[in-house]
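2 protein chains.
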Amino acid sequence: MSHVDLVDDVREVGTAVLEALVAHVESVRAGSGEVVSAADIDTVSKRLELRRWVEEGGMTLPELLSFVTTYSDISASHHHPGYMGHQIAPSDTPGVVADLLQAVTNNIPLVYELAPAAAAVDRAVCRWMLDHVGWGETGLGAITNGGTLGNLTALLAARSHADTTAWQRGTPGDLVILAPATSHYSVRKAAAVMGLGVNGVYPLRTDALGRIDPAGLAPALADVRAQGLRPVAVVANGCATGTGLYDPIAEVAQFCDANGLWLHMDGAHGAAALLSPRLRGLLAGLERADSTVWDGHKMLRTSALCTGVLFREKRYLDTMFKQDASYLYRPEAEDVDPGQYTFETSKAPLGLKVLLTLAYRGEASLRSYVERQYGLATELWELIQERPDFTAPYQPQSNILCFRYEPCGDRQLELRARLIQDGRFYLSSFRLGGRPYLRASLMSPTTDRETLHQLLEVITKVAAV
Amino acid sequence: MSHVDLVDDVREVGTAVLEALVAHVESVRAGSGEVVSAADIDTVSKRLELRRWVEEGGMTLPELLSFVTTYSDISASHHHPGYMGHQIAPSDTPGVVADLLQAVTNNIPLVYELAPAAAAVDRAVCRWMLDHVGWGETGLGAITNGGTLGNLTALLAARSHADTTAWQRGTPGDLVILAPATSHYSVRKAAAVMGLGVNGVYPLRTDALGRIDPAGLAPALADVRAQGLRPVAVVANGCATGTGLYDPIAEVAQFCDANGLWLHMDGAHGAAALLSPRLRGLLAGLERADSTVWDGHKMLRTSALCTGVLFREKRYLDTMFKQDASYLYRPEAEDVDPGQYTFETSKAPLGLKVLLTLAYRGEASLRSYVERQYGLATELWELIQERPDFTAPYQPQSNILCFRYEPCGDRQLELRARLIQDGRFYLSSFRLGGRPYLRASLMSPTTDRETLHQLLEVITKVAAV
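Read top to bottom, the protein sequences are chains W and E.
Numbering of the first sequence is given in the numbering used here, commencing with residue 1 and proceeding in unit increments.
Numbering of the second sequence is given in the numbering used here, commencing with residue 466 and proceeding in unit increments.
Certain hints may be false.
Pairwise CB distance ranges, derived in the manner of DEER restraints [unchecked claim]:
{"#": "1", "chain 1": "W", "residue 1": "137", "chain 2": "E", "residue 2": "850", "range": "56 to 62 Å"}
{"#": "2", "chain 1": "E", "residue 1": "526", "chain 2": "W", "residue 2": "278", "range": "38 to 44 Å"}
{"#": "3", "chain 1": "E", "residue 1": "507", "chain 2": "W", "residue 2": "164", "range": "19 to 25 Å"}
Restricting the straight-line Cα-Cα distance to at most 35 Å, the calculated cross-link-like pairs of lysine-lysine (DSBU-like) are [as the list claims (entries may be wrong)]:
{"#": "4", "chain 1": "E", "residue 1": "511", "chain 2": "W", "residue 2": "314"}
{"#": "5", "chain 1": "E", "residue 1": "926", "chain 2": "W", "residue 2": "46"}
{"#": "6", "chain 1": "E", "residue 1": "511", "chain 2": "E", "residue 2": "926"}
Rather than coming from a laboratory, the hints here were simulated on the basis of the structure.
Note that CB positions come from ideal geometry on N, CA and C, so glycine has one too.
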């Protein structure tokens, strides 16, 4: 098949692959097959014949279709009703179309000139996000490759805000980020990457469920200042990855306002609650924060990656990134050359996935998806209340719930391993208050109340074996 | 169209979109349409009706197809014979299939368990790259989101190597990176991000074409040490973004070896020369470097992003990233959980694009693509030698060549603007020795000798207007 070029075969190949993928998703949605494969990496590599394909090539179209099917079967099935593992979107059609469009055009909106349509789309999606956050008038955003990079980008802006010389002269040794231990580990990673060190994260006091205790903020700030340290930012969760619980943003924002502190909210998962009038109260106060991130590849149904990193004020970005590439960017083109505000140089136009979702499904469809999935966690919590053998330490605020099958005590991870081996369900785990919990993240649109009932039944059964 | 889910329509929609895209690429390959659109962002936004789609939704299938066509027409056409702007791949079928597969399955190989097939594929592609570099026995790599992130990842490993406390305790103030001014700006960005500051890059002496002068290395090191600074790494270009010229890697590697310095080679574009027995001499000595990056979305024909970040020794990674997420990663699973060595938490299985290219087209097809495109730049140089009105300051080593239409003197950027306005060609520009040059990056498989001849003719014509 060598030396054939795109148009000679992409129509035939693409159509056949699409057909194979649809068949796979149809079967997965009906609950067939293992939710995740438990085979080891060498077995998987052999089944996929990776060594042969790398070394010899020569794959024919039927072999490609067979590869696609095997690959799909070995993959985690996010459309499976029993998939409750991590916050990964079960893709929807508009995002798939966007990925296909980018796969063929490969436009890179580093500067507007290089990818006019892509840059216009990314700008439109940022504005949509900014409007929902409440920063439509003054703010600026970019679409970046994931929440980890988004958190780093926001904290780099905060670093530049705390010390305008840091970008040119290096990170001073007296900077510190204040964050609860329940922050996503990308916050500690960002601190380490940007030169504060993991030890440069000062742990904020939390309640028993890991939410920031607003009463602990003043003593923390006093302590930091007494040590001669300068705070870069306070980081809050909206919501926390592990528990799905929202920090009291309004109270934290009020404290940050009063003390001139940068507030960054990690909304990678939970910012999607902004789409629902019923749920957006969870994020009250966010409009007073300084920066936030919002992932498309979690609650907006896109493939990975697609993250909005959003700033309340355009001017926050004046002292980072852009001055380092003056030969590429035009200062007068702010808000037009997306590369001025992204870590990346080359970058896919990731916003296209959200744009087509809004266009083709409508924002109302995302709202109802978020409300449905958040509601499912509450249903799981209700089912657990009815059964004395299960406990959950809190009523969920999102579509994430930690819980425990009590007869297993602290052997919840062993129980989880058995459940995965069984193949019908996939759960993650989380350590809360020093003890292990099972963790359900309800992402699949095919999961329903009956699935949740089955989950508790199957857990009971595999625990008894 | 709201409330319909993936399988209900992805077959029909996907097939129709694929058809529209093929028609677009067919027309572009034949040289029709503008290479890039010169319309401004507000005009483009209106043509795409972005405001309507974001606010109202309601897009029908015919409207989606119309959007796809308009979007493609406004995009830069990398398959157009006249596209010679930047090193962005004109996608090929296998990469498109890989993007489609990921778009639907959305598997995220953070840890092996979450995406077994994807993790196995990424590992196989890293090993293929490591084998070509010469680090197959001892090395380790990861596939990451782009060269900028790849360079940062490699330099973070170098920072940890230079100071094992940096990850935990912060970046010390005495670290410095040695790099030529011709390094990609992501190297200065990495220095600024990781806490050394842009000023923490010490400029290495170069020849008139911006290549590292090996004789300047010893004085630079002596100067750095005399200032009480500790070198983190020497960065070399293989090849330089602006000129496409390769630094003398072997001599630089010898110096680094002898002085215990970490050598990082930025091979984002030029590492692809490793695939050709005829060209791989350009990278002689690379096997003695410590780290490199290699982009798939440049010379390996994949869509953005897809970058291998490769390390000569697995142990280099022991003091960064992984220890910060012990609750996620298993120390015994090194080489299996890709997230241990990537900046990202969530990440697409980007290696799949390279794997399917190797499988379906064969490595030989990539080799002949690289050789063909590198050869084209030499052909352009030869054409320029025949014409007294054009000059090129060097014979190209890759598929990138800077040149000048002499009658325009230092008004080359004005000439470039006219050329873009004309619509038949798209060139970038570069400042070399303080003077502006036109810059051709020959990426399109449809560009041939006749296209290059036409380019010089059209330049002459638009300059005369």
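Hints versus structure:
1. W:137 to E:850: 56 to 62 Å: holds, 57 Å
2. E:526 to W:278: 38 to 44 Å: Violated: the Cβ-Cβ distance is about 31 Å, outside 38 to 44 Å.
3. E:507 to W:164: 19 to 25 Å: At roughly 33 Å between Cβ atoms, residue 164 of chain W and residue 507 of chain E fall outside 19 to 25 Å, so the hint is violated.
4. E:511 to W:314: holds, 24 Å
5. E:926 to W:46: violated, 58 Å
6. E:511 to E:926: holds, 33 Å
When each numbered hint is compared with the structure, violations occur for hints 2, 3, 5.
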